[in-house]
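Q: Each chain, written out:
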Amino acid sequence: MKRYERSKSSMFLFEILINILLFSVLCVCSLQFFIHSYQLTEKTTILHHAVTACNNIAAVYQANQGFTEGIMETYPYALIENEQIYIYFDKNYQECDSRNICYYVVIDKTDSDIPGIHISFYKNGEDMIYSIDAYSYKPNTIINDVLSSSESEVASYE
Amino acid sequence: MNKQTKKKNLSFSNFGFSTILLAFVMICIVTFSALSLMTANSDYKLSLKVAEKNSSYYVAEKQAYEILAEIDLLLLNAYKNSSNIQEYYHEVETLLSSHEMGTYDSATNIYSYTIPIATQQELSVVLQVQYPNNTENTFYKIISWKSVYEYDTPDEGTLNLID
Numbered sequence: 001m002k003r004y005e006r007s008k009s010s011m012f013l014f015e016i017l018i019n020i021l022l023f024s025v026l027c028v029c030s031l032q033f034f035i036h037s038y039q040l041t042e043k044t045t046i047l048h049h050a051v052t053a054c055n056n057i058a059a060v061y062q063a064n065q066g067f068t069e070g071i072m073e074t075y076p077y078a079l080i081e082n083e084q085i086y087i088y089f090d091k092n093y094q095e096c097d098s099r100n101i102c103y104y105v106v107i108d109k110t111d112s113d114i115p116g117i118h119i120s121f122y123k124n125g126e127d128m129i130y131s132i133d134a135y136s137y138k139p140n141t142i143i144n145d146v147l148s149s150s151e152s153e154v155a156s157y158e
Numbered sequence: 159m160n161k162q163t164k165k166k167n168l169s170f171s172n173f174g175f176s177t178i179l180l181a182f183v184m185i186c187i188v189t190f191s192a193l194s195l196m197t198a199n200s201d202y203k204l205s206l207k208v209a210e211k212n213s214s215y216y217v218a219e220k221q222a223y224e225i226l227a228e229i230d231l232l233l234l235n236a237y238k239n240s241s242n243i244q245e246y247y248h249e250v251e252t253l254l255s256s257h258e259m260g261t262y263d264s265a266t267n268i269y270s271y272t273i274p275i276a277t278q279q280e281l282s283v284v285l286q287v288q289y290p291n292n293t294e295n296t297f298y299k300i301i302s303w304k305s306v307y308e309y310d311t312p313d314e315g316t317l318n319l320i321d
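These protein sequence lines map, in sequence, to chains A and B.
With this note's numbering as the guide, the letters of the first sequence map in order to residues 1 to 158.
With this note's numbering as the guide, the letters of the second sequence map in order to residues 159 to 321.
If you're looking for bench data, these hints aren't it; they were derived computationally from the structure.
Each residue gets a CB set at the ideal place from its N, CA and C atoms; glycine is no exception.
Be a bit skeptical, because a hint or two may be false.
[To be verified] One side of the interface only, derived from the structure: several residues of chain B facing chain A at Cβ under 10 Å: (1) Phe190; (2) Ser191; (3) Ser194; (4) Ser213; (5) Lys220; (6) Tyr237; (7) Ser240; (8) Ala265; (9) Ala276; (10) Asn292.
[Stated by the list, open to error] With a straight-line cut-off of 30 Å between C-alpha atoms, the simulated DSS-like cross-links for lysine-lysine are: (11) A:Lys43 / B:Lys220; (12) B:Lys207 / B:Lys220; (13) B:Lys203 / A:Lys123; (14) A:Lys123 / A:Lys43; (15) B:Lys211 / A:Lys43; (16) B:Lys238 / A:Lys123; (17) A:Lys123 / A:Lys109; (18) B:Lys203 / B:Lys299; (19) B:Lys299 / A:Lys109; (20) B:Lys238 / A:Lys138; (21) B:Lys238 / A:Lys91; (22) A:Lys123 / B:Lys220; (23) A:Lys123 / B:Lys211; (24) B:Lys207 / B:Lys304; (25) B:Lys207 / A:Lys43; (26) A:Lys123 / B:Lys299; (27) A:Lys91 / B:Lys203; (28) A:Lys91 / B:Lys299; (29) B:Lys299 / B:Lys220; (30) B:Lys304 / B:Lys203; (31) A:Lys109 / B:Lys304; (32) B:Lys238 / B:Lys211; (33) A:Lys91 / A:Lys109; (34) B:Lys203 / A:Lys138; (35) A:Lys138 / B:Lys220; (36) B:Lys299 / A:Lys43.
For reference, chain B alone in the conformation it holds in the complex:
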């Protein structure tokens, strides 16, 4: 009889089980909520970065258009001061070689310049200077207008894997 009552007292008790269950559930809920907050926060930060980069791009684009307008005016003046195509390209070479914003290649008649957008990113513009053959022709043709990333090129040295 005494043994039976002892056995009864030692049988499974609910005491502590609810605490363990609650602890487990709460750890799960708090972890999920913290993870969702972290994800939402990083998404928002990424969106802010994208918005900022987009604004920077349009600021750089404005500068690029200003330089383009400057070059277009130089080309118009070169056209006015020349009587034929050879004189025109000679005049263009003189004017654009002294232009500080970019570089002019007289062999290909290509003028290129870059505007910084952000760190390691810049807007690259490449123009092909042309002689207007008819009245609707422009003095240049835009060959490239794109944002370029500048990656730090890794060291080309080989790794010694055997040692």
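Bound conformation, chain A alone:
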């Protein structure tokens, strides 16, 4: 009778040990799943905000018919350095000064016939996340045509 009880308790202990082992292995697996999904969610959030920020800047640029002054007015903390405009964002994707920087946008002019800008969104200290080229076109008017022809005449005279 005693021998039977001993074998029963050792079997129970053995079962518990196997369960703990299985539990730890599966926990590691599911923890990895959770960590990976958290990282993916974080990446999705950043990409979404990057697309939104680039679109907003492009819309401001196009609304001002290709003048970057409109961007400087809309984003008061923006800085101009080496013909590039820098706009800084904090961890909540709100515009901030360069002290609380977590993300930033670099805007530079494109080399094309139509006036355009290249907008790139970066995470501070990391690679670029998203970029677009936005263009704007200022339509011709009779005044523009007269001005451009008089400018060319002056240039040829000089």
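Once you've looked at the hints, dock chain B against the given chain A.
A: Chain B alone, transformed into the frame defined by chain A:
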């Protein structure tokens, strides 16, 4: 006495219960983690698609602006080569009818063209050609500038539900 000890041995034992409990808990945890991973992955894929479509839109928009600049130059030349409004519209019709990128309707003076953005999606631009009455007037007015989805129209045939 013998019956009592037998009864005692047959009473509820914890043996196997922990395994069943653990199996159930682990199935739940692993299922939830797999589901959360799948959701996060599909969200990320959707965000990538949105970003890609957005980039494609801006590429198409650049092409649309290039065509717009080309048309604007044609209209300016038409204005320079004409002395009155009738001559202007006649000149515009001659120039824009031969323009390959879009179609010109001389009755309404509307020029329209499309630029492909992605499969089943294109940027549709509609311009109203106008004669500049004063110096600040432009040669055209943008009536429409929007991305349009091209759906495959289903077959209009009726279904025979009775048979």
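Q: Each hint: holds or not?
A: How the hints compare with the structure:
no.	hint	verdict
1	Phe190	8 Å, holds
2	Ser191	4 Å, holds
3	Ser194	4 Å, holds
4	Ser213	6 Å, holds
5	Lys220	5 Å, holds
6	Tyr237	8 Å, holds
7	Ser240	13 Å, violated
8	Ala265	23 Å, violated
9	Ala276	15 Å, violated
10	Asn292	8 Å, holds
11	A:Lys43 / B:Lys220	28 Å, holds
12	B:Lys207 / B:Lys220	20 Å, holds
13	B:Lys203 / A:Lys123	20 Å, holds
14	A:Lys123 / A:Lys43	11 Å, holds
15	B:Lys211 / A:Lys43	18 Å, holds
16	B:Lys238 / A:Lys123	51 Å, violated
17	A:Lys123 / A:Lys109	21 Å, holds
18	B:Lys203 / B:Lys299	39 Å, violated
19	B:Lys299 / A:Lys109	27 Å, holds
20	B:Lys238 / A:Lys138	19 Å, holds
21	B:Lys238 / A:Lys91	55 Å, violated
22	A:Lys123 / B:Lys220	27 Å, holds
23	A:Lys123 / B:Lys211	22 Å, holds
24	B:Lys207 / B:Lys304	19 Å, holds
25	B:Lys207 / A:Lys43	14 Å, holds
26	A:Lys123 / B:Lys299	40 Å, violated
27	A:Lys91 / B:Lys203	23 Å, holds
28	A:Lys91 / B:Lys299	42 Å, violated
29	B:Lys299 / B:Lys220	18 Å, holds
30	B:Lys304 / B:Lys203	25 Å, holds
31	A:Lys109 / B:Lys304	25 Å, holds
32	B:Lys238 / B:Lys211	40 Å, violated
33	A:Lys91 / A:Lys109	27 Å, holds
34	B:Lys203 / A:Lys138	37 Å, violated
35	A:Lys138 / B:Lys220	13 Å, holds
36	B:Lys299 / A:Lys43	41 Å, violated
Hints 7, 8, 9, 16, 18, 21, 26, 28, 32, 34 and 36, counting from the list given before, are not met by this structure.
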